[in-house]
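On the provided structure of chain A, position chain B as indicated by the hints.
For the record, the sequence lines run as chains A and B. The letter at position 174 of the first sequence is residue 178 when you use the numbering used here, and the numbering goes up by one with no holes. The letter at position 61 of the second sequence is residue 48 when you use the numbering used here, and the numbering goes up by one with no holes.
Please note that the accuracy of each hint is not assured.
[As the list claims (entries may be wrong)] Covered stretches of chain A, as calculated for chain B (at least 3 residues, CB under 8 Å): (1) 123 to 133; (2) 303 to 317; (3) 661 to 672; (4) 675 to 683; (5) 742 to 748.
Calculated directly from the structure, the hints in this document are not laboratory data. Beta carbons: idealized from backbone N, C-alpha and C, even for Gly.
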Amino acid sequence: MKMDKNINVGQPISRLEGKQKVTGTAKYAAEYEVNNLLYAYVVNSTITKGKILSIDTSKALALPGVIEVLSHENRTKLAWFDVQYADMDAPPGTVFKPFYDENILYNGQPIALVVAESFEMARFAATQVTFQYKEEPFKTCLKDNLGLARTAKKGFATALKPPPPPPTGNFEKAYESAAAKVETTYSHGTEHHNPLELFATTTIYQGDGKLTIYDKTQGTINNQLYVANIFGLKYKNVRVLAPFVGGGFGSGLRPQYQLFLCVMAALHLKRNVKLVLERKQMFSFAHRPPTIQNLRFSADINGKLTGLNHSSKSETSSFEDYFEPIASWSHRLYPAPNTLFEQELVPLDVHTPLDMRAPGGSTALHAIECTMDELAYQLKIDPLELRLINYSEMDPSAKKPYTSKALRACYLEAAEKFGWDKRKPEPRSMERGNKLVGYGMATGIWDSLQFPSRVEAMINADGKMVLNNAVTDIGTGTLTVMTQIAADQLGLNMEDVDFQYGDSKKPFSMFQGGSAMTSSTGVAIVVAAKELRKKLLKKAKEMTDSPFKKAEDDQVTFQNGTIFLNSDPNTLVTFKELIAFNKGKTIKTTNMGKPHMLKLKNYSLATHSASFVEVEVDKDLGVVTVTRAVTAVAAGKIINPKTAKSQVYGSMVWGISKALHEETIMDPNLGKYMNSNLGEYHLPVHADIKQLEVIFADEPDELINELGVKGVGEIGLVGMPAAISNAIFHATGKRIYKLPIHFNELI
Amino acid sequence: MNNFEYKQAGNTKNAIELINNTPDAAFVAGGTNLIDLWKYDLTHPSGLIDINHLNENAEITTLKDKKVRLGAAARNADTAYHPIIEGRYPLLSKAILAGASAQIRNMASNGGNLLQRTRCYYFYDADVPCNKREPGSGCPAKEGYNRIHAILGTSEECIAVFPSDMCIALAALEAVVNVSGPNGDRSIPFEDFHRLPGDRPDIDNTLGKGEIITSIDLPEEGFSEHYSYLKLRDRHSYAFALVSVATAFKLNGNVIESARIALGGVSHKPWRSIEAEAFLKDKEATAENFAAAADLILRGAKGFGSNDFKIQLAKKAIIRNGLMALNPESQLPGALPSA
Chain A
5 MKMDKNINVG QPISRLEGKQ KVTGTAKYAA EYEVNNLLYA YVVNSTITKG KILSIDTSKA
65 LALPGVIEVL SHENRTKLAW FDVQYADMDA PPGTVFKPFY DENILYNGQP IALVVAESFE
125 MARFAATQVT FQYKEEPFKT CLKDNLGLAR TAKKGFATAL KPPPPPPTGN FEKAYESAAA
185 KVETTYSHGT EHHNPLELFA TTTIYQGDGK LTIYDKTQGT INNQLYVANI FGLKYKNVRV
245 LAPFVGGGFG SGLRPQYQLF LCVMAALHLK RNVKLVLERK QMFSFAHRPP TIQNLRFSAD
305 INGKLTGLNH SSKSETSSFE DYFEPIASWS HRLYPAPNTL FEQELVPLDV HTPLDMRAPG
365 GSTALHAIEC TMDELAYQLK IDPLELRLIN YSEMDPSAKK PYTSKALRAC YLEAAEKFGW
425 DKRKPEPRSM ERGNKLVGYG MATGIWDSLQ FPSRVEAMIN ADGKMVLNNA VTDIGTGTLT
485 VMTQIAADQL GLNMEDVDFQ YGDSKKPFSM FQGGSAMTSS TGVAIVVAAK ELRKKLLKKA
545 KEMTDSPFKK AEDDQVTFQN GTIFLNSDPN TLVTFKELIA FNKGKTIKTT NMGKPHMLKL
605 KNYSLATHSA SFVEVEVDKD LGVVTVTRAV TAVAAGKIIN PKTAKSQVYG SMVWGISKAL
665 HEETIMDPNL GKYMNSNLGE YHLPVHADIK QLEVIFADEP DELINELGVK GVGEIGLVGM
725 PAAISNAIFH ATGKRIYKLP IHFNELI
Chain B
-12 MNNFEYKQAG NTKNAIELIN NTPDAAFVAG GTNLIDLWKY DLTHPSGLID INHLNENAEI
48 TTLKDKKVRL GAAARNADTA YHPIIEGRYP LLSKAILAGA SAQIRNMASN GGNLLQRTRC
108 YYFYDADVPC NKREPGSGCP AKEGYNRIHA ILGTSEECIA VFPSDMCIAL AALEAVVNVS
168 GPNGDRSIPF EDFHRLPGDR PDIDNTLGKG EIITSIDLPE EGFSEHYSYL KLRDRHSYAF
228 ALVSVATAFK LNGNVIESAR IALGGVSHKP WRSIEAEAFL KDKEATAENF AAAADLILRG
288 AKGFGSNDFK IQLAKKAIIR NGLMALNPES QLPGALPSA
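Pulled out of the complex, with its shape left as it was, chain A reads as follows (with noise of 0.2 Å):
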């Protein structure tokens, strides 16, 4: 059955909603004004550890407009088993109760809820519920815990997160041996993810245990599943809606606590809630661990790897086992024959953090190729030329081929593009004007997933296309992608394709998230488009003196709507004439795209790329702007090149903010962020990008799926911190083993 193919993949389309977003009719989760609606306001404790001893709500609830003031103490009645709170991404552990008792767990921790007519007199009432505490002592700095340090407990994240594997060879006698070796530590801050639209959720409460919810969310069957559960409802009683999302970058993975308590109030108060977080509350649940890194590497004379040691500590909640796959990466990309990786979390007096933008290979990938880069020097190898000699076609730690890796290309193409011949070897040998200027690259490695996805997908009778999966769309241009999939898989031109998305009744798919909706959801909708195909043709095939009758598959072809025989393309029906044959009556399948788990154990999966950045440091203040970047990125098929380059540059951007800016300042003392607003918690401004070239390489992948697809979301950013701090070791001959790198270090 011939389609008329790529038509639209590969086109650099624009986002089919960007009008909407540009001109502000695009409706987020706390823009939906229905009637009778109530307002909540969180309030959040003030103290990092100990117990409420008393909740004193009678000045908030004396005035005006005031509905309710909910705590541990009136709460609704809820489920009783820690499992049923469990969200299909959480860890190992407890998870997180709001109100479930009188105990704080970590500073911020929700611990009572202002219900009133209006958001400003919930928000003013808000500061007159008074509490009193029992203060215990707490632990909130990782640096000086690293004696809690232990390894992570198991669970189902583990399958998608795995512990480190065993030490091979014998990484110490290695290591003594060597010709040249480098040992380094690298601590990174707390980041918060900081999405620019705040958690909200809108529920309307319809009675019958029945609720309709907008929510900030990157998974909304995940949320209606933890409603459901916790909150004793029928599944299909409760809908999640999320048709816009501004950012999540991994947020909303979880549900978070403005749900369930919005939620909560709507049931308690058989009305409809909105519940819209302010910039300060974004601080107070999901962010990226802080940690600390040890590594040893070592090598031969030629620069050839003989030993890899990564040992990395992060932390987590003292409730939950938050983990992220630190420690493992560099045997992923370099062959060694000795290794050892080490990995533990130190439980700290603070919420859980969680998945943010490439968690843990952003991390761990700044401090391995940062640590490769000083053996570079000490072994007078170009950088480049170090990670060519230890380049590997197959994956060395799982000892299989990779289904595809270009991350030569992108090596090569990027620094040719970037001009890295022109760099001398030596540190601080650049100049410009009162600027050092500095060359430094780094590899990027992450991974390829793919999870079960349902779509259903239909013709209707004017002849069009509609595709319905509860996907999200959150920034990333899933809507567009998926659209270009569905138009080429039917011959139909975009117009004529609805895919209707963010709405937890549709079909299954899991949350957003791990780069990996493209190849999800996308082979769900090949899948389905490929029987809707044959329920079309059999259709066809049932028309009164039908010309299809005897036509095989591979004799007719889908175009502009229409099936045609390939013989004689004049030979047509139109899919409307198809429908109108059916007595008007829409064609549709729902089918299930999954990874071909069989096929795809023999190999690893990864997307790889390579940034290369230029840095300007003044030579007496030490203020650096990264100058230019070229990042090349091989993900297989590109299916959107406009789409995933923005994925790319937002990834570069994010590369050069964790490099010199973001980070979320704990304050030990006090047990708590400082630093909770966009004001003083540093994202770069306009001032700071300066040019940024993405190239895709070329990397035709005929065994990962059905589309040859591997994800963009992520991979831009995981190099991008290593090359500019290599690239300031190479203008200013200071290595700063720490990020952010704040340019007063550099003086």
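Relative to the frame of chain A, chain B by itself:
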């Protein structure tokens, strides 16, 4: 954010009457700091006197004696781009444009710029102690994360810095602040307007109760030949200064006839050293002399851990900005270091 009574003042006299007759009231002009503070529950006035319509204070005018008067109600952006300011007081223009964002500068008033409060993390968090917010409660910044904090003029009680860029230039230019109040009008030399924290860090300045800033006067000398504003911060725009320097010279050849140097980001008020400026008089405008002046300016500077770097950074910034002032063309947008 509490409910409040809103009143609009028609003129300065009316504004003073309203503020003195409305209990616990605050003036609002651009509101770019007040509304933040209110939302953070750090201030909760029960009355708001809108002074955005005091047209008599909205202009920038040249006075008879060639001084220039900046209306307190004129916006920061309008001031920075005003031909008189760009022509005669380019140091002020550059300093204003180094601050905040375009949107904030469009709203913020000149009077309000002088009255903005510190951005100390601890001051901004109503749930932790802060002597500036609640005298006697303590200062966690001293043992905490004090990267943005003061190295000069600190007290046991407070190490907060005054965050303005505009005021650093106004200090260097020796502006005069004109105020009106229930007891009539008075003029305050810029040096005396902001104060050091001492044992009353809750008081930022010497403006009296019920007084309103009506205008700011700039002296005739605007140092338009040799001037520079340099701002060092953690990103290239929209961040407060870790160290900023306003430098202005009158030169005779390469000999300094008069020098003005004011530092921002290092103290509870714009920091000047009359001694250092006197030292530079009749000296060659060289990096060595700027370094010696920097040592005088920074005498007694003291770090608190995370901000120790500011002492050395300030010295290097004073030297560089001295050199930049000799060639004002070397200034870059965003008050970045010269290329």
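Three-residue Cβ test at 8 Å for the coverage of the region 661 to 672 of chain A by chain B: Three-residue rule met by the region 661 to 672 of chain A, so holds; n is 4.
Cβ contact check, 8 Å cutoff: the region 303 to 317 of chain A against chain B, three residues minimum: violated (count 0)
Chain B over the region 675 to 683 of chain A, status - at least 3 residues with CB closer than 8 Å: holds (count 5)
Within 8 Å of chain B's CB atoms, at least three CB atoms from the region 123 to 133 of chain A: coverage verdict: holds (count 4)
Assertion that chain B covers the region 742 to 748 of chain A - criterion: three or more residues, beta-carbon distance below 8 Å: Coverage by chain B holds here, the residue count being 3 at a Cβ distance below 8 Å.
Hint 2 alone, counting from the list given before, is not met by this structure.
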